[in-house]
Structures are given as structure tokens and as C-alpha cells.
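Visitor: Residues per chain, in single letters:
Number of protein chains: 2
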Amino acid sequence: MKASQFLISTLKEAPADAEVASHRLMMRAGMIKKLGAGIYTYMPMGLRVIRKVEAIVREEMNRAGAVELTMPVVQPAELWQESGRFQAYGPELLRIKDRHERDFVVQPTSEEAITDIGRQELRSYRQLPKNLYQIQTKFRDERRPRFGLMRGREFVMKDAYSFDRDLEAAKRSYQQMGQAYRAIFDRFGLRYRAVAADSGAIGGDVSQEFQVIAATGEDAIVYCPDSEYAANMEKAEALAPAGPRAAAAQAMTRVPTPGKATCEDVAQLLGVALTTTVKSLVLATDQHDDRGNVVKTQVWLLLVRGDHGLNEIKAGKVPGLDGFRFATVPEIEAHFGTKPGYLGPIGLKQPVKIVADREVALMADWICGANEEDYHLTGVNWGRDLPEPDTVADLRNVVEGDLSPDGKGRLAIERGIEVGHIFVLGTKYSVPMNATFLDEDGKPKPFQMGCYGIGITRLPAAAIEQNNDERGIIWPDAIAPFTVVLCPIGMDRSADVKAAAEKLHDELAAAGIDVMLDDRGERPGAMFADWELIGVPHRVVISDRGLKEGQLEYQHRRDTAASKVAVGEVLDFLRGRLAA
Amino acid sequence: MKASQFLISTLKEAPADAEVASHRLMMRAGMIKKLGAGIYTYMPMGLRVIRKVEAIVREEMNRAGAVELTMPVVQPAELWQESGRFQAYGPELLRIKDRHERDFVVQPTSEEAITDIGRQELRSYRQLPKNLYQIQTKFRDERRPRFGLMRGREFVMKDAYSFDRDLEAAKRSYQQMGQAYRAIFDRFGLRYRAVAADSGAIGGDVSQEFQVIAATGEDAIVYCPDSEYAANMEKAEALAPAGPRAAAAQAMTRVPTPGKATCEDVAQLLGVALTTTVKSLVLATDQHDDRGNVVKTQVWLLLVRGDHGLNEIKAGKVPGLDGFRFATVPEIEAHFGTKPGYLGPIGLKQPVKIVADREVALMADWICGANEEDYHLTGVNWGRDLPEPDTVADLRNVVEGDLSPDGKGRLAIERGIEVGHIFVLGTKYSVPMNATFLDEDGKPKPFQMGCYGIGITRLPAAAIEQNNDERGIIWPDAIAPFTVVLCPIGMDRSADVKAAAEKLHDELAAAGIDVMLDDRGERPGAMFADWELIGVPHRVVISDRGLKEGQLEYQHRRDTAASKVAVGEVLDFLRGRLAA
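Line order of the protein sequences matches chains A and B. Letter by letter, the first sequence follows residues 1 to 580 of my numbering. Letter by letter, the second sequence follows residues 1 to 580 of my numbering.
The shape of chain A in the complex, shown without the other chains (with noise of 0.2 Å):
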């Protein structure tokens, strides 16, 4: 390719709201261009990028023996009323009224629609397992588009979705889809973890994140260097602390802290540590009638140790709490006789069911508000000062140096951006929308279900946030717009530059490299620029001075200087620097 046939359009500056790293350089480098609030025009850069992401996902997910077809962007809404989600989904879902005034969606994701292809095509256990995908748009309504590609309303998914017999059958796809995965993102070029996700309501170990690495993302990843364990913040275990609760030392005392409604405040007045302190959070889980009324409310104390963080999903799987919702100030102040910053576990008005995490379970002596305003108890014991707690779960968020859960050292987290996620569903959508195949025994079942998204166009941006600099993007070779670029310096005044260039230019296309030759005629500081910031990694200088040596430059976007290279050389030496 030649840069007078392409379309290079390179800004000095970025827009204003662009916030990141990711979206400043794709519109700086001209990969990106906004159309509308979180709605881009992915230009002829960009969209090269994206191909290759997309030809890698193909190439694996064929491998893997799925099969591609392409559902429509608009969809009509009677199938998203059969499964629920016409009703269920937030204003995120697209809705439209066509000419005649029928609902239709435009598409987040294709549950529905491949459901409904299953149940139709899918009519024999002979038939089964069979994974389907597409690479296609899709919309999501989101309250605040941001990041460019990172979080846009238009987007491109690869979405499978495997069909099979029963559950186990279900998990085996799954990990199938996890080797396809893991072979993708190698592929890819770029440091990732597949983490483990919460499953919600299939439970076990079938819900799989792959996140990139970078300082920016926005996820919690959870890892223990010495081992494979790796999860995301939701579904990461906190071990309960080894060996028994230490016995009471400190006697009870009602304290004032006046203002202190924190258990930050309160520890730096007491001058004790943070980990001496437990938080108290308020729950409620309300009992609905047949009509949707509320006939019951149950509040319940979920308590955590001052430094910990509640970790909400994990909160949801305690037996009872499933639903929850936070309680009101009216309802805590019925229950606990004050207002929040004061809560405890001791002299309720009412009775609240107490969940300990299961580090506060263990605890002596602790700290925790005494149910009246501007009050805290310090020396608390469970047992002497209140009865043991109802229930003892994992409510908290992990934190760096906790034992890991596999027991092989301790935890570490960086952060990561959600690239892709493959779960198993089930019956989630086969069971609403009746959709059975016939088994060996000739009875009908409905099909158990796996779901596998890559987020083909924000893998770019999560690439880019792992990798740039002050001058641009330096993109992994798999996935740059241009493998290697030749930069011809004065190629408009030196017949025997611009004969070596085109010549160099034919030579590596000729080979398969793709290769983009600068023929704008640009000075040497800007074209040198224009390519750091579009981020080729590989880069050929053609100088009269160089090939009067016989020789090039070449320099890879991570290197700081330039290594000669004789002209004859410049194909080998290429491919074996591609081939690293």
C-alpha cells in the first residue's frame, strides 16, 4: 500500500473529551472518527486494525469448529418478549417502531435470535453439540458513551453461542471455546489473564473473563504469581484467616466520637488501627405477594472488618440475600434506633438477621458503632457481648498480600480491561422460549446453552491502553494497521530513493509483508511522527546518504535508535525480526 492511495489523517490534538489514552490516540492517529455521542466511523487505519482482529477471531473460532452466520441488526421484538428481556432490559436496549408501529430492537447482543434458530434447526441430539457465531454491529444505549471504543454505543461483537445435551456436555464446549480463547488472545500479542467470573446461577467454575493488562482498565484482577490462580473481583474468594479467634482481652466501653461516622474517623480518634474496627452495612430483602406488593421485609447487619470492602456479589449468595437491596434510613433507624456512622451489632431496636464476614467472625476486641449517635463500643466480643453471628459468609472484596484461594501463596491485583467473556448460560433462554431438541430417548429438552464474546473493536483501544507512549500507539505486529512502513527521506528530489523505495515497497508485498510505503512526500520530522503516533511497529528509513552505503535504517517503535541494515538484507533481516 502506498500512502498517496490510503486516506492518512493525523491530528496534532486530541478532542476535548477524549479521556484516555486509547481514545486520544485513535483520533489522533486517525483511526476513529465520532459521528455522533459514542458512534464512530471506523477509517480506513482503524478499520485495518480491526479486520485483523477480526480475521484472528475467525480463523480460531473455525478451528474450533464453530460455524459463522449473521443475525440482523434490527430486530423484531416479539422474540426479546418470549425470553423477557423486551420488558427486562434497561433503556440500553435500542428500541424502535417501524412503519406499521411494531416494535423492534436494534441488537445489544443475539440470545434470542439464535435461540430461535436453534429450536428450529437444531431438532436432533445428532445435530448437537453445534456452536454458531457472528461478527457483527451491535448497539448499546449507554447513559454515558465514553473512551471512544472502549465504551461505545455502536460496536462490533463476535458473539457464539454453543448448543448441547445436557450440562456436562455444555462444559465441555466451554472449555473448548477457552482453548479458542486463549489461542486468539495469544495470537493477539498482548499480556492477558483469563480470570474466573462469578456464574451466578449454574454456579461452578463456567464463567471465564479474558481481560488485557493495563494500568487503565477498569477491573480489579485478582492473581497469585506463584500459581494459575487468577479471578476477577466478584468472584475472587477471601480465605477465612488460619487458626482460632484470640480470646478477649479488653473489657466493652461505650466511647464517644462525636462526628466520627466513619470507621477511618473513629480509628485515627482512638488511635487504634483500622483492623481493630468492623463496618456495618444494612440490608433488606422484601417478600412480594402474587400482584408484586411487598408483604415482608427481612433487614439484615452484614458486618466487615474496617479495612475490607463489601463485595456485593458475593453478599447476593448468601442464603436469603439473594435480591437484596441496600435499607432505607427509615428502616435503619427502626431497627437500630440511630442513624447511619453509629450502627453495631449490639442493643438493636429490632431484630436483624447478622452476617459476619469471615474474617470479623474471627476477630477479638473489635470496634463497632454502639447504636447511638456519636457513639462507638470498643472491646467488643463475640460470644461474651453478643451472641455468635447468624451466619458467617465471604462478603469481602480480596485485597493485595490475601492467602490465595488455591492455597500456593498469596494474592496480587493488577488492573484489566473485559475483552472478552465466555460463560456457560444453561437453560436461561431455551426454557422460556421452549426451545427442545429430541434426545436418545426420543423425549424433547431444551438445549443447555454457552454464550462467548470477544469485543472485536474495543480489543484495539484495550491494545493501545497496554501499549503506548508519549509518542503514540506501538502496536503488536498481529494487529497493526501496517506491518512495516518505509519511510523515503526526499523521495520527490532523489530518483534513486524513490527507485529503492518502490522497489523495497514491491519486494515485501511480493513476500506477504504488509508494508505501507510514505509516498506523501512529507518532511522526515513529520513523517517520523505521523508513523509513531499511528504506531507501525516496524520502520524502514531510505536515505541518498543511507544508499550511497549500500545500506537502510531500520528501527522498531520500541527501540531509541536505529540499526543499519545492508539493502540486499532487509528481507531476511524483516522476517526474522516478524517472526519473533
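Worth flagging that the hints you see were computed from the coordinates, not collected in a lab. A hint or two may mislead.
One copy or two, it doesn't matter: identical chains are merged, so the pair holds either way.
Unchecked claim - Mimicking DSS-like on lysine-lysine, the simulated pairs with C-alpha atoms at most 27 Å apart in a straight line are:
| hint | residue 1 | residue 2 |
| --- | --- | --- |
| 1 | Lys33 | Lys445 |
| 2 | Lys317 | Lys428 |
| 3 | Lys34 | Lys97 |
| 4 | Lys353 | Lys317 |
| 5 | Lys33 | Lys443 |
| 6 | Lys34 | Lys445 |
| 7 | Lys445 | Lys12 |
| 8 | Lys339 | Lys353 |
| 9 | Lys34 | Lys428 |
| 10 | Lys33 | Lys296 |
The structure displayed is predicted, hence computed values, not measured ones.
Once you've looked at the hints, dock chain B against the given chain A.
Guide: Below, chain B without anything else, positioned relative to chain A:
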């Protein structure tokens, strides 16, 4: 590819709403699946065809120097308000409100979005010409979607847009696209015609349709078997007859024609040729004031020979008739004193402008309505019975046997399906959207644009309309879902057949041939019927009996019988057939 790893879903019966062969066969062959009215999933078998069409289009567009990008499916209404199309477009434009009640559209084409990109990215004449294209999902909310992919609501189109300095350069870009289109359509392996189409306000020879020839096509294509002339019906010129007008031979006579309100009926009643009658068509043009109120209406009488049809595009080009409408019955009665069916140019109540078709202007002794119910006039002659017409123009559709406008023979007519269209847009979008570049003289000038479409998902349907028989589809090699199908007989019983089939599959695949091995274990009759329905052009049958003789059976989808090929020669044999 092996059938067991694919999704084959042929149907015995097509759904009742499938009216045309391509719709029926694509449904029966499992290529598409209806999700809603005019909305289809491209099933794996159909998607393979679409991807091959896309690949050919992409290769030739790139070869022609066009650059690919992807514009959003969901587009903000603001741009469409700038161009005026948000108001002007009918209900075919699918309009959406997002969660913030802002207006959006689902793109039916992307002139606005590309013009917006052009005005931002193409600042200087040095960047011109530039041709940008996308292959992307479109939506048109057809009132009555039908014929499967032929007139769906959601579809995939390749749309390209050129930007040029001036109209001459735009015409060169248009010519280059014409060449690229011929290369593309040649590669599809279909019979097609590039026909001149009406170029609207631009004028000149700057609009062509690419029509796939098919007896079931919606469009009439006019061509000259003895020359290169080809045009669509709207555009094809009807030459004036050779020679002067004959002298009047009859006296004008008022004859009773009770209840005979059509030329056909009158000619039959009077026992004369239909070619001696003249049809009267009454049009009107309105003048509006600034508020859009009609302030003046001009009534026009258009005269075409009784056996000819009015061409409304041509009528609209008569000076003064731009934007005409058909006159209302009250308007007709006010000017002619009678109701439609007995109208004519003689004895008007109020003046009308008379436009005669070239043919009519040279007629003598003709028949027309007497402007009196149940009466016609015979023996009417220009100059003697009424003044010469105000205007003489080409008003009619050509008919088979008319002289070719290039003077090289006579016209023939066949049916076609429009699959491509190229035309010069001029400044239709650049002026209202203020899309300018700085020309060499330093002054801003609006782009001269061109627009080039190919119906990617319509092409397979057109290919089928052209190539099918009672057994199913017959694909050209270039766009077949698979080029070769291997049909082993008794693969599940015979280890020899299985080994030979799998070896051949691997051999052909390694040679880059797109081969399908049907390893489903179907009986020969059902297996052959499936692949004849699906339309794979080349079939190789592997059987025990054949293998004993060292032979396989080859049959092209159009062959009436199979021919034997030695096992060791199959690859070379197929290469020869595929090259042919």
C-alpha cells in the same frame, strides 16, 4: 470443510410467502432464515456466498484505488437534517429516538456521513481525487418487503463515494468505477448488462445500472443486438421516425364511440390499427408562493401513439414539466369539457399546452377523443385541424424493434435485476452540507461527488434468478458456497470409501479448492438432492464400485450424466474444469 462440522438445513417445501425462485430456493437450501418481514439471518451456507461476493467486490475496489472504511449503522439525524433528507425521505427511512429522545436513523445509504467525513478530512485539492467505500448493513423500511433478499428491509450494500475537484474529474472517477464494476461483474460469472440510466439534474452520460439478466427481473433493459447500446427503459431514447409527415388523406370526422374509452377499444370498434390512434394524457404543474401555497396551475396535454406508453422520466424533462403531477378530474373537466376517455387536442374549453411525442408529431389522419363523451374524431391532421403542437419531444417508452439511438440496428428488450448503480452526484450533498476543499487558487469549492452501489446480499438472489432449474440452484464457480462437493457412497460402511474421500478432501483443500465433504452418512438420493438444491457446481462421487476400478464419478451441476475420472487425476481434472 466437512458437512458434520457445518450446518446444512435443507427443506422439502418453501414457505408459502416465497413468490420467486431465488427466495424459494434460498429458503429451501438453508441459506437464509426469516427473522421478521424482510429481515433475514444469513445462515452459514448463505453467508459463504455473501462473503465471496464481498471478497470480489473488495479486491476490485481496492485495485481501483478506493479505500475502505466503515460508517455507523445508527446515525444522528443532524446530518440528515443538513442535507434535507431527514424531512424528504419517506417512511422507508427508519427513524429512532435514543434514551435522551434524540433523533437517529438507521442508514439506508451514507451520503451524509461520507460528506461529513470529506469536509473534515479532505481539505486540499492535493488530496483529491479520493474514493471511499464501505461494505455495511443498511435498512430500508419497505412498505411491502418481499422476494427474500431481493427486496428485504435489512441488507448489505457496498457503497462508494468519490470526491473530485470538478465535474470533469468526477466523470473520470465515474469512468474508473465503471471499469471496476465491469471487472467485478465479469468475475461473478453472471450474464449482465451495464445500461445507461437517467442521470437526473447532472445530465449527460453519467449514470449506469448493472443489471443481471433474468427473465423474472423487475426491470426492462433496452439494448441493440448489433451494437454496444444498452439503457434502461427510463433512459432509452425513442428516435423520431425517418421521413416527413404524410399528407392528409381523410376529412376530420366525428364518430360515435359509445363506452369506448381506450385507444384499444376505439381501434377495435372502428376496425383500424391501434397505431392510427393517439392517447391523451393530462398533466399539471403548480407554481407556489413562498409559503408553499399554489398560486397558479398550468395544464398540459401530452399526446402519444395509442400503442405506446408514456415515459414519465422523459415527460419530466420537457421544459416546464419538471415536477409535474397528473391532473385531477375536475381540472380535466374544466379544460376539456368532458371526462377522461374521450379527450383530445381539439375543441378545448380553456387553453392547455400541447406536447406531442415525436411519433405523434409526424402522424397524419389520426384518431383522438372529441372532448365529448362517447365520441372520437378520425382523420385528424396537424396544421389543418389544429395548430402544430407547442412542443415536440421524446415522451414514450421504446418498444422492441424501434431504431437504436446509435443508428446501428433495432432495439431488443429483456428483463434484468438491478444489482449495481454508479452515478455522478455533482454537488447535491456537498453544497447543502457546505463540504468544500481549498482549490489550487486558494478558494473553497464544493466537492463534485460520485456514488457507486452494489447490492451485496441482492447479488446472490439475482444469480439464482438467472441460474436455477427444477432441482435447485446452479451457482457460478466464483460465488458458490462450495466449489466442489465430495459425495461418498456408504462412507459409514466402507473404510476404503471413507479413506479415499478424506484423502481427496484434504488434497483438494490443500490445493486451495473450496471443497465440502458430505460425511453425514445420508443415502445417495437424499445427498445428491441436497447438493443439487444447494447448487454446488462440481460434484465428485466416491463409491466402492468406482474405487475397485480406480475411478471416481464427476458431474457438473449442468451436466446430464456423470463422467469417470481416474482417482489419481481428479485434482488435475478439477483444476481444468475450474479454470474453464
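Visitor: Could you place lysine 339 and lysine 353 in one of the four classes (within, between, both, neither) given a Cα distance threshold of 27 Å?
Guide: For lysine 339 and lysine 353, the Cα distance is within 27 Å only inside one copy (18 Å; across copies 90 Å).
Visitor: With identical chains treated as interchangeable, where does the CA-CA distance between lysine 317 and lysine 428 reach 27 Å or less: within a copy, between copies, both, or neither?
Guide: Intra 18 Å, inter 62 Å, cutoff 27 Å: intra-copy only.
Visitor: How do lysine 33 and lysine 443 come out at 27 Å by Cα distance, when the copy is not named: within, between, both, or neither?
Guide: between (54 Å within a copy, 26 Å between copies)
Visitor: Using 27 Å as the alpha-carbon threshold, which applies to lysine 34 and lysine 97: within, between, both, or neither?
Guide: Close inside one copy (26 Å) and across copies (19 Å); limit 27 Å.
Visitor: Can you give me the call for lysine 445 and lysine 12, within, between, both or neither, at a CA distance of at most 27 Å?
Guide: between (60 Å within a copy, 25 Å between copies)
Visitor: First find the shortest C-alpha distance between lysine 33 and lysine 296 inside one copy, then the shortest across copies, and answer within, between, both or neither for a cut-off of 27 Å.
Guide: For lysine 33 and lysine 296, neither the intra-copy (53 Å) nor the inter-copy (48 Å) Cα distance is at most 27 Å.
Visitor: Taking 27 Å as the upper bound on the Cα-Cα distance, should lysine 33 and lysine 445 be classified as within, between, both, or neither?
Guide: between (48 Å within a copy, 23 Å between copies)
Visitor: At 27 Å max between alpha carbons, let me know whether lysine 34 reaches lysine 445 within a copy, between copies, both or neither.
Guide: between (47 Å within a copy, 24 Å between copies)
Visitor: Which holds for lysine 34 with lysine 428 at a C-alpha limit of 27 Å: within a copy, between copies, both or neither?
Guide: between (37 Å within a copy, 23 Å between copies)
Visitor: Have a look at lysine 353 and lysine 317 and pick one of within, between, both or neither, based on CA distance no larger than 27 Å.
Guide: within (15 Å within a copy, 85 Å between copies)
This entry does not satisfy hint 10, going by the numbered hints stated previously; all others are met.
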